[in-house]
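K.L.:
Here are the chains, one letter per residue:
There are 4 protein chains.
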Amino acid sequence: MAIRAGIMGATGYSALELLRYLLRHPEVEIAVLTSRQEGNPHIAAVHPSLAGRLDLCCENLEPEAVAARCDVVFCCLPHGVTAQVVPRLLEAGARVVDLSADFRLKNAEVYRQWYGKEHQAPQLLPQAVYGLPELYREPIRSTRLVANPGCYPTSAILALAPLLKRGAIRPEGIIVDSKSGVSGAGRQPKLTTLYPECNESVSAYNVGRHRHTPEIEQVLSEAAGGAVEVVFTPHLIPMDRGILSTVYAQPQGQASEEELLELLREFYRPHPFVRVVEHLPATKDTAGTNFCDLTVRVVRGRVLGISCLDNLGKGAAGAAVQNMNLMFGLEETTALL
Amino acid sequence: MAIRAGIMGATGYSALELLRYLLRHPEVEIAVLTSRQEGNPHIAAVHPSLAGRLDLCCENLEPEAVAARCDVVFCCLPHGVTAQVVPRLLEAGARVVDLSADFRLKNAEVYRQWYGKEHQAPQLLPQAVYGLPELYREPIRSTRLVANPGCYPTSAILALAPLLKRGAIRPEGIIVDSKSGVSGAGRQPKLTTLYPECNESVSAYNVGRHRHTPEIEQVLSEAAGGAVEVVFTPHLIPMDRGILSTVYAQPQGQASEEELLELLREFYRPHPFVRVVEHLPATKDTAGTNFCDLTVRVVRGRVLGISCLDNLGKGAAGAAVQNMNLMFGLEETTALL
Amino acid sequence: MAIRAGIMGATGYSALELLRYLLRHPEVEIAVLTSRQEGNPHIAAVHPSLAGRLDLCCENLEPEAVAARCDVVFCCLPHGVTAQVVPRLLEAGARVVDLSADFRLKNAEVYRQWYGKEHQAPQLLPQAVYGLPELYREPIRSTRLVANPGCYPTSAILALAPLLKRGAIRPEGIIVDSKSGVSGAGRQPKLTTLYPECNESVSAYNVGRHRHTPEIEQVLSEAAGGAVEVVFTPHLIPMDRGILSTVYAQPQGQASEEELLELLREFYRPHPFVRVVEHLPATKDTAGTNFCDLTVRVVRGRVLGISCLDNLGKGAAGAAVQNMNLMFGLEETTALL
Amino acid sequence: MAIRAGIMGATGYSALELLRYLLRHPEVEIAVLTSRQEGNPHIAAVHPSLAGRLDLCCENLEPEAVAARCDVVFCCLPHGVTAQVVPRLLEAGARVVDLSADFRLKNAEVYRQWYGKEHQAPQLLPQAVYGLPELYREPIRSTRLVANPGCYPTSAILALAPLLKRGAIRPEGIIVDSKSGVSGAGRQPKLTTLYPECNESVSAYNVGRHRHTPEIEQVLSEAAGGAVEVVFTPHLIPMDRGILSTVYAQPQGQASEEELLELLREFYRPHPFVRVVEHLPATKDTAGTNFCDLTVRVVRGRVLGISCLDNLGKGAAGAAVQNMNLMFGLEETTALL
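Top to bottom, those sequences are chains A, B, C and D.
Here the numbering used here is used: the first residue of the first sequence is 1044, the next is one more, and so on.
Here the numbering used here is used: the first residue of the second sequence is 1044, the next is one more, and so on.
Here the numbering used here is used: the first residue of the third sequence is 1044, the next is one more, and so on.
Here the numbering used here is used: the first residue of the fourth sequence is 1044, the next is one more, and so on.
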């Protein structure tokens, strides 16, 4: 019996990438797609690359109607909206992998500060599991609600969490300088992501106030066993997909570069999608995959980590499928290699 | 006494390129900028690259108010709107270089067919001069209304008009296959020109119904002294600026490749901005300039022309300044080299 | 028992794409990789994206040594070299899918004219099958030597062959205007494909003398049942991968656009990798896939076809796997969806 | 009387940009171009964008022969070679703006450590002036040898030097995270800058050992009046030109963001090519110009500076012309606006 999967909000880039993965998944049947676009457009009209691959229309459905036809629902809806939808999906019996930010933060007050609105389902926050299998694989296996991580947080956390957990770096003064492709900004037309605006250009944006900041800090604090604050600076890069995060931290103790590499290798040995490499990785090496490539250097007494991933892969849709695999007791890598 | 210049519709890419040229022009003072954006934004807020270069705000003004402060007005308004504005500018005493399509077609009925609306100022069509100095330099010198050519037409016409004029190619069966950068589609956010949609992709658009078709045909027919029909296929290329047109025609007579090259060289000798080259030109060679690079080949009995230009340069703002120079009796190349 | 596959010349882009497909292929074991690079580099040192995916080194081996360990060999060697290697692979018992040009042309004299050297294995030309399953599926099933088509020819032939076969267009005066991403030019560093040279630029190259011309003409002539000549103009586009070919032909008879579309739909119904679409396709819709998206228009009495594919997918590695599937009696789509 | 200018090493990207600026310079005559390419190629064969602009061939000349025909020589030669050429140019009477690294470091021993060879003209190091007019305008006016700064150092120093000079940040723990377009890597074909390798990808390179590190530290130490060490991480970005440096430092004292902005504004008031802006600048705003756009933020108690420039403009050729203007007593902005 195939797992019946639905996608709510099927018109964006993460949803398209999800569909690419799910079409290859031997245990999944894509059962429902939703969108609020008028006229129930065929999915191939929305995403022409799916012509001949999937014969489904995007319906404008209530969560209960979706849940009735699905075992698992991937939520690709805007934050705020999502918190209203997810309780209804869960109550109606579906499991949920939520790609929005609504269930990532444990503290509804922090949510309010950063997202500027009251959380609509704070009662679910305790049971939502942060969907980073490299840190939370066991809880993911048994939850019915996974909060799929943000793309920037995944890149930052995978580089820093092991070093904090093992006490190799100090928890204060951490800098995360991230470079992201444009697909991370979504598929809504706006001036900043119009081709002639962002092509042939680099810029920083949302400096000091990007909403992924509290998410990074929450997970790193948990890893460190104490408060971690980061300076997080996202930059927009003229490419479709890919995130490279360069992280800077102060060492704690005297570990050499080789020892830090070995620490990372040992930490990620049981995890098939993090590749600790000796060379300096490029985002292109991970494009279209669920891998995160990672290395570490010691420069002038500072620890410098570099991580690369595909913001639509390990940073979104790939991770979502990885989480689904775990939730349903499947091999973690199914459809992802 | 400086020429006082105004730009109506100062927020787009052509207007920005115009400003770059005009800021270098020794005889011009930029006097007025207009836009319908609320709050009279400073031009450097609209175009950050102009910070410190020009201390003007975009005003929401009537044409008469603009004309009162200008000797020449560059109209960068949408077609349709323009035809209503230009008569008022002319009556108020300004000369006009219009970058819209409204005064390019001589026949108001053809305009109606292709633009889907009645022309609002057909009485001005006889006096408007098509702003291609390589064909109409003398009339441009003495007109008060120049219809600045479209970017595609300029590239197609410069490649084909001399060959038609001299009878080297036949007037029927001409194909114009054009490749354009994305800035040609304007600065209004829309899905088709969103970065992740058009990056890493090529596609044709408006096949058989692009509005530059009648403009190309009108000017080529005049050059040929008889009706010319073209198949015109525009393609969107993932780059900011540049148009390359590959044109295919049937020879008339037995001219060799070298003779055709010489025909072009001789035709363009008095024209400083068309460079007839022997190599295969690249759009990059003309980026940021007012040049059109041009060559011709004979392949299997077919004449093949290739022309390159910057759609914002010779395809829009550069040509506009070239036209203004001619209208005001200045050296044609002023501010353009 | 898995099919043991080898790749000779494993360091280029086509080989990397082949490896991506083969790693997903349930019936294939990648057995041998060759390269003439010194020191037998690990494949992940050559292609970092394969880190952790494939633990093989590139060996410098004689064809017989390769054949001894393989059931099928994919040849990604330069033309000229290939013609010397393939006879030895066949004699040693391997089947061969050759991605070079050496066995595509049926006539050794035509080869000599276009490639400037004598063919080194003309005796094999009669038995080599042109690897376009949409035209030659049955012969591919039973041959031991497939000449995998060039990327441009595939895009041109798929658009034109059905129209010629059914007599809908005339065999003379055909124009193929093609636009290709840069990966088609290979992985050898050279000035023309250096990033700052070809980025933000379009240019035509090898006009009138590109070596894919006789290949296109040979296959189209076979389809038309008589000599077909084409004017073929390749252009370099600033993107990694993708080919869009715009083809122009004169109609024969009175078929409407809708009838031509239906002709194509009917022709390709048994072929899973050609999608006849009504919209204007973009190369991005086929990126990373083995699909060719195709449409047709009638413009001013001319038939205009547009085809899109991934030059490394349907234009090279995808087609190679499709051919291998047929040669080994597997489902044609295995590993390709 | 025009200033006669020569360029040694005229085939690269910096030289092309220099030529673009010099062609617009009212006081300069381009007198000599050199290259070691065989056959004295015409400059338009090397740089097709110069067709019709400059009728000079690249000659293979000794420094004395160059100096005999020039008042100023721009050296665009590789480091190492340059140190041998410059003494001969100076002795023969020319003034020199050197775009290589050979005369930037004051200490020949530091040069030996970072460049791996003995300096060939250490006797000139005391008289060479670091060509950053924002810090060394008066010495530039009176020297005969300017060491034009590296592109990364200019971006880092302009952001940090004023803050160090005024004691607003601490001299230790400074991080410079830089993002550069590909033209900075030069015009020699190599795998790392081949289009399909670096397009659609970001990577860090030369981490902890980029040769611009000691140059940054030397100038910042002079500004701080004490040793400054930086962690400098360059990244390669898929665009032609532009550098954005994000710098992180610890505050010294309690200056607010607004006070730091005012400090920068006040510092750069006399300097026409540094624009202190309130928004987050993009490299595109400075493309093709000699401007550096700069801002500062305070994030979680850390001072964060962001600077943008064109690596071929203010990072190379623009700065070289600015320096030449100062050396010859011309208006600093001539040909640069």
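These aren't lab readings, by the way, just hints derived from the structure by calculation.
Be careful, since some hints might not be right.
Given that identical chains are not distinguished, each listed pair holds provided it fits within a single copy or across any two copies.
[Stated by the list, open to error] In silico lysine to any residue, SDA-like type, Cα no more than 20 angstroms apart, as pairs:
(1) K1149 to H1122
(2) K1233 to S1299
(3) K1233 to P1294
(4) K1208 to E1309
(5) K1233 to Q1080
(6) K1208 to R1312
(7) K1149 to R1209
(8) K1233 to P1315
(9) K1149 to G1136
(10) K1233 to H1322
(11) K1160 to E1107
(12) K1208 to T1235
(13) K1160 to E1070
(14) K1233 to T1054
(15) K1149 to N1103
(16) K1233 to V1089
(17) K1208 to L1304
(18) K1149 to H1253
(19) K1149 to E1105
K.L.:
Taking the hints in turn, state whether each one holds.
P.N.:
We went through each hint and held it up to the structure:
no. : hint           : verdict
1   : K1149 to H1122 : within (15 angstroms within a copy, 54 angstroms between copies)
2   : K1233 to S1299 : neither (46 angstroms within a copy, 32 angstroms between copies)
3   : K1233 to P1294 : neither (42 angstroms within a copy, 36 angstroms between copies)
4   : K1208 to E1309 : within (13 angstroms within a copy, 45 angstroms between copies)
5   : K1233 to Q1080 : both (18 angstroms within a copy, 16 angstroms between copies)
6   : K1208 to R1312 : within (16 angstroms within a copy, 48 angstroms between copies)
7   : K1149 to R1209 : neither (23 angstroms within a copy, 43 angstroms between copies)
8   : K1233 to P1315 : neither (37 angstroms within a copy, 33 angstroms between copies)
9   : K1149 to G1136 : neither (23 angstroms within a copy, 63 angstroms between copies)
10  : K1233 to H1322 : between (37 angstroms within a copy, 18 angstroms between copies)
11  : K1160 to E1107 : neither (25 angstroms within a copy, 48 angstroms between copies)
12  : K1208 to T1235 : neither (38 angstroms within a copy, 36 angstroms between copies)
13  : K1160 to E1070 : neither (38 angstroms within a copy, 53 angstroms between copies)
14  : K1233 to T1054 : both (16 angstroms within a copy, 15 angstroms between copies)
15  : K1149 to N1103 : neither (30 angstroms within a copy, 49 angstroms between copies)
16  : K1233 to V1089 : both (18 angstroms within a copy, 15 angstroms between copies)
17  : K1208 to L1304 : within (14 angstroms within a copy, 38 angstroms between copies)
18  : K1149 to H1253 : within (18 angstroms within a copy, 42 angstroms between copies)
19  : K1149 to E1105 : neither (27 angstroms within a copy, 56 angstroms between copies)
Hints 2, 3, 7, 8, 9, 11, 12, 13, 15, 19 from the earlier list are contradicted by this structure; the remaining hints agree with it.
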